[in-house]
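J.: What follows is each chain in one-letter form.
Number of protein chains: 2
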Amino acid sequence: MDDMPHKMVFVGATGHSHLVLGELEHYSQLRYVACAPSYPGEDLGRIEYVDADGHTPQVYDDWRIMLDRETPDIVVVCGRHDTNGPIAIEAAQRGCHIIAEKPAGHSLDEIATLRRLVAEKGLTYASMLAMRYEAPFYTAHQLVRQGLVGEPYLVAAQKSYRWGVRPDWYGRRSTYGSTMTWVGIHAFDYARWVAGVEYTSVCAYHANLGHPERPGCQDVATVMAGLHNGGSALFNLDYLRPEAASTHGDDRLRIAGSAGVLEICDCGSRLHVITDEKDTPSWPLQDPGRTLLGDFVAALEDRGDLLAPAEEAFSIAEFAVRATQAADERRTISLQTG
Amino acid sequence: MDDMPHKMVFVGATGHSHLVLGELEHYSQLRYVACAPSYPGEDLGRIEYVDADGHTPQVYDDWRIMLDRETPDIVVVCGRHDTNGPIAIEAAQRGCHIIAEKPAGHSLDEIATLRRLVAEKGLTYASMLAMRYEAPFYTAHQLVRQGLVGEPYLVAAQKSYRWGVRPDWYGRRSTYGSTMTWVGIHAFDYARWVAGVEYTSVCAYHANLGHPERPGCQDVATVMAGLHNGGSALFNLDYLRPEAASTHGDDRLRIAGSAGVLEICDCGSRLHVITDEKDTPSWPLQDPGRTLLGDFVAALEDRGDLLAPAEEAFSIAEFAVRATQAADERRTISLQTG
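First to last, the sequence lines map onto chains P and E. Oh and the first sequence: position 312 is 537 in our numbering, straight run, nothing missing. Oh and the second sequence: position 41 is 266 in our numbering, straight run, nothing missing.
These are computed hints drawn from the structure, not numbers from a lab. Don't take every hint at face value.
[What the hints assert, rightly or not] Here are the simulated SDA-like cross-link-like pairs (lysine to any residue), alpha carbons at most 25 Å apart as the crow flies:
1. 503/P <-> 387/E
2. 232/P <-> 284/P
3. 503/E <-> 471/P
4. 503/E <-> 472/P
5. 503/E <-> 490/P
6. 503/P <-> 435/E
7. 503/P <-> 436/E
8. 503/E <-> 391/P
9. 503/P <-> 474/E
10. 346/P <-> 296/P
Build the full structure now, drawing on both the sequences and the hints.
T.: Pasting the structure below:
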């Protein structure tokens, strides 16, 4: 892209908009010009943003009209779960670069279409797989790559959230998606990325057991995946974390390898590493020194790479969709190609 | 049984013989009269036991001859994994009460035969599922029964061991069995017992990845089970715990229920309970005040019950065998009857 300011718009205010807005002040080349709801009636309070740098986004009712009139360089897609894939596809069709909430899509078709468009048009596509930027996960990724735990054979990850207040549309699968595509995808991604593995098969289970007022939202899900190296991965996901818990979430990762065990524990805050030589309960954490928005801008300007490349965002969304399918159809799905 | 001393013999010195010998001094009504190897060449050093109370077990080469000549009241079966089912069956056929290493058998047929004999002959059968006696698990069982975490919907358990030195016969499935039947069975049992659930289906995975010198021993295993209440359970088992780890094993249990989350962590030593009202990182542990041998003697003398009744020992062994089968055959097995 040239040196002109990059015109940016937002569609939707449902997801992790702060990953962009919270960093916007650091990138004077970005101009936040407009926003629109991802569905009628969406509260845009979180993205109707005016700051000292003069971002004064115009509010549209219809995101298609906004895209047509504003012809933005960048579309931030952050809407109701079911809308993110279709909106990103239309943005890509218009040649816009994209920062999108995960998952990239709710169906294999959506994801395939998006992958094709992003490749054909040479777009920068950043997925909000922001847990890669958290120091324990980032550090763990480096350590496994350095061979500290040897070959990873057994991976176990957890995402557990408080239920809190969930919007009405969590009650319908058609709008919510699944807990694997919305929550599990983080764990699927950080486990795969940190361990450096590929998933070759998946069987899974999910159900709404404790929150009948939102039947479309599975408050319990479990996933078992085969790994390319003959190992296995387990994921347990729930919305059963009690209100009195010390944090909203309790994210974990454990990797048992041929030469050591690495674990992210204490609600995602501590990195415990054990090798045959040494037990280190609190491994020093390395701050990545980069952000999702910073990487996106750098990629746009050919100065750097995304920490979560588009293809990894697409393939992990596919995995989440297949895992959901495995649970719905109660069967093991092979993911091996060729 | 009458008030005469109970004649007790040991077959095998491979398993957790200390659960009996370590408590023997407290039960003057037991007379340890003889022992024999479970297979030719087995080292009996751990059970050739003489104490101040005058237990001077005679050592036999052949356990069948020992059973015939000594006509014991009690047989402790503690041999090489594959021998425990067949030896227990022969002991039961002779009308002996039994304390046996888990699993009760390596095949569904063995377990069914043992179940039938124990019922027909009115025998006391105690399985060495001794983790139920550990204070964190015992306390957790009481808390779940009291309803502290509500209905348990998601159960996750771990057994991780150092590899250390494993005997030659770990190298063959025919003698070792599987890591699910030998190690996993503890987790299957304590998870089921603490959560108060039944397993309705199982899919599983296992492999030997890091220890090719013992190909019959799976150093990684993962298990996913459906629960009777619509929930799900996950188990991860490994022999990948590094030598520098603080303990030999790292046993865990997490139960997420409709009203709270209960967790046994810090290598099985700490009980963390979170309800909607309170987060209690170290719940006070309740010592069970009983032992496997004490319960066995009490059951024999009609003074008490086993903490792990025979039927639960049989059904959890069946589950471990079915889980192994699920992994070997790469399919999900339904466990629901009728």
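J.: Of all the hints numbered above, which does this structure not satisfy? Sort the numbers upward.
T.: none
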